[in-house]
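Each chain, letter by letter, is given below.
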Amino acid sequence: MKSLKVAAFLALKSIVRGNIGIIVLTVFMLVLVTMNLLFVPALINGATMSMNTILVSTYSGDIIIEPAGDDTVINHVEDLLDGIESIDGVVAASARNEINAYFEFDDERIGRGVIGIDPVRDEQVFDIAGSLIEGGYLNPRDRDEILLGIQIAGADQEDIELYSSSLRHVHAGDKVVVTYSNGIEKQYEVKGIFDTGFIQTDIQAFITDLEFDSIMPNMNDKAASIRVKLEDDADPERVIERIAGLRNDLDFQTWQQTAGLVQSMTESFTLINQILNVVNYLVAGITVFIVTYVDVINRRRQIGIQRAIGIKSGSIAISYLIRALFYAVVGLIIGILVFKYVIIPLEARHPFEFPFGPAYLLTQPSYTARMAFILFAVSLAAAFIPVWRVMRIKILDAIWG
Amino acid sequence: MLEVKNLSKIYGLGEVQVRALDGISFTIADGDMVCIMGKSGSGKSTLLRQLGLLDRPSQGEIVLDGEDVTRLSDTARGMLRLQHLGYVFQEYALLAELTAHENVYLPGMMLGEKGIDFRKRAKELLELVGLGKRIRHYPKELSGGEQQRVAIARALINNPRIIFADEPCANLDTISSKKVMETLVSLNKEMKVIVIFVSHDPDDKKYARGLIVLSDGKMVTEDALR
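Note that the protein sequences, when read in sequence, are chains H and X. Under our numbering, read the first sequence as residues 1 to 401, first letter to last. Under our numbering, read the second sequence as residues 1 to 226, first letter to last.
In isolation and in its complexed conformation, chain H is listed as follows (with noise of 0.2 angstroms):
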């Protein structure tokens, strides 16, 4: 206790006494290295905030049933959307029937995926009537019309993804020759092109259920699929265990097991967040280690008087362990006020545009605590390296040389 005195003693001395330009230099090191540690992985989260928002809302819901076994298709679709829609916590369902087709438009020819939906149903489980960009969206009624994606419409948008393998240059009332995988060929009209920005969507042509049976009148109902949307605060699992009472015969899964391709760009993301962390933590620990040990070498005769007239090592060591947190909790606080109250108002304002919209700032506090652990931890071995070695040095050579 009475070391711990005598360090935080010497330690709030000589920083109150102590050089203030290396004070601040020093601090100013781990404010930039705390918003280094905050920035990458609040980009990612927002990201990856940004591409699941725009994953459930457009591709896939929060929870995807399909047919169980070998079955290919759900039957008695009408019951069972009724019977789902009535669990608590269930916002909306919405089936889905898909074929394979090839697009015509002048001298393109692609071919892409056809689906056959509900638009009233559909348009409450997914936002892709928030995403048109031209046109509108389908009525129950329609049958010659069509729903066409960005990717597949090209709209004259040479800066799309896919704009070389889309029909480049269709727009809202064109019309386009379907020719699908059964042999039936039929004309529409474009009512609507929709750009939500994630590719997967993008690629996907909508029809009305009313026309998917003229297409395909086996398929009266029934469904490849059921996409569930759910309140905020349902927990998924809960449902599936009702949703599964009601029929034996379905799979189910929730977005993140569809999520392969964000599941790997965000394993990605978070890769190089790691690397790029071991870069600020050494970058925290290189810069507390140099100030710690020029301090410790210019102070070296200091150190020598305090352990000649009786001050513990031990006590000497700690006061300088207690400065060393001393920079590293100074620099975390501003690095993270500066991070919270300019870069993250400054980032909402000119958002990162990503091809899934733009993304947002978004921090964890267990990560900001794992965080500042960490470069606490840091500092400290930093500051105990060149202490350590002072202090194995007899007395007489530290004053005297």
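Accuracy of the hints is not assured; some may be wrong.
[What the hints assert, rightly or not] These stretches of chain X come out as covered by chain H in the derived footprint (C-beta under 8 angstroms, 3 or more residues):
id: 1; region: 24-37
id: 2; region: 97-110
[Claimed, not checked] Listed next, the in silico DSS-like pairs over lysine-lysine satisfying Cα-Cα at most 25 angstroms (straight line):
id: 3; chain 1: H; residue 1: K312; chain 2: X; residue 2: K120
id: 4; chain 1: X; residue 1: K120; chain 2: H; residue 2: K13
id: 5; chain 1: H; residue 1: K13; chain 2: X; residue 2: K5
id: 6; chain 1: H; residue 1: K312; chain 2: X; residue 2: K123
id: 7; chain 1: X; residue 1: K123; chain 2: H; residue 2: K394
id: 8; chain 1: X; residue 1: K120; chain 2: H; residue 2: K2
id: 9; chain 1: H; residue 1: K13; chain 2: X; residue 2: K206
id: 10; chain 1: X; residue 1: K140; chain 2: H; residue 2: K13
id: 11; chain 1: H; residue 1: K2; chain 2: X; residue 2: K123
id: 12; chain 1: H; residue 1: K5; chain 2: X; residue 2: K120
I should point out that these hints are in silico values taken from the structure, not numbers from a laboratory. Idealized CB from N, CA, C, for every residue including glycine.
On the provided structure of chain H, position chain X as indicated by the hints.
Frame of chain H; chain X shown alone:
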């Protein structure tokens, strides 16, 4: 009582060995004030550093109040220095970031004996050495003589049995030197502290009651002067 028995210190410089101290023996009684003299390189400071437990002798014993302190661990020696010994360095050796007051009470904080207000005691000691009005001054704001008196006050904070002073007036003018030496004499008389000081100035013999003269690491004279 401090007894020194056959004390030697040998420094190894490659294959050459230098005997800085060679078979020194003497006894200093409680309340004594002893001057160690000799030419430059005679081993005065080396002897004082062995006595002050800042260094370890190569041979021999240092016995303090009947206990051989020569072979104690570094920690035990540190504790002994803190509790019973005071050291005054030639070059003032104050901590630049602390005021005169803080410099004096710092070792007291380390000892931290219950019931003793080291801040108050530090103030009293600074008044004792004539610096009562300069307690808030930092070392760089004090003259050399004043700094040395702060160092003496610091050496007294833990009521030491012995004060070691290594050429305490080497860097001081005549007036400051006189003040410092008179302070040591007064402490020796009033507080019954053993004072062992090193000096190269023959005039300083007048402050001591005992004299040890060294030459080439050997003790030439041990005299009772008064």
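Hints and how they fare:
Counting residues of the region 24-37 of chain X whose C-beta sits closer than 8 angstroms to any C-beta of chain H gives 0, which falls short of three, so the coverage hint is violated. With a threshold of 8 angstroms between beta carbons, the proposed coverage of the region 97-110 of chain X by chain H holds, since 7 of its residues qualify and at least three are required. Pair hint H/K312 plus X/K120 holds up; C-alpha atoms about 23 angstroms apart against a cutoff of 25 angstroms. Among the hinted pairs, X/K120 with H/K13 is consistent with the structure: their alpha-carbon atoms are about 20 angstroms apart, no more than 25 angstroms.
Between H/K13 and X/K5 the alpha-carbon distance is near 43 angstroms, which puts this suggested pair outside the 25 angstroms criterion. Between the alpha carbons of H/K312 and X/K123 the distance comes to roughly 23 angstroms, so the proposed pair stays at or under 25 angstroms and holds. At roughly 32 angstroms between alpha-carbon atoms, X/K123 and H/K394 are farther apart than 25 angstroms, so this suggested pair is violated. Taken as a hint, the X/K120 and H/K2 pair is honoured in the structure, with Cα atoms around 18 angstroms apart against an allowance of 25 angstroms.
For the hint linking H/K13 to X/K206, the alpha-carbon distance of about 41 angstroms lies beyond 25 angstroms, and the restraint is violated. Of the supplied pair hints, the one linking X/K140 and H/K13 holds, its CA atoms being roughly 16 angstroms apart against a limit of 25 angstroms. Straight-line distance between C-alpha atoms of H/K2 and X/K123 comes to about 21 angstroms, which keeps the hinted pair within the 25 angstroms bound. For the hint pairing H/K5 with X/K120, the CA-to-CA distance comes to about 18 angstroms; that is within 25 angstroms, so the pair holds.
Checked against the numbered hints above, the structure breaks hints 1, 5, 7 and 9 and satisfies the rest.
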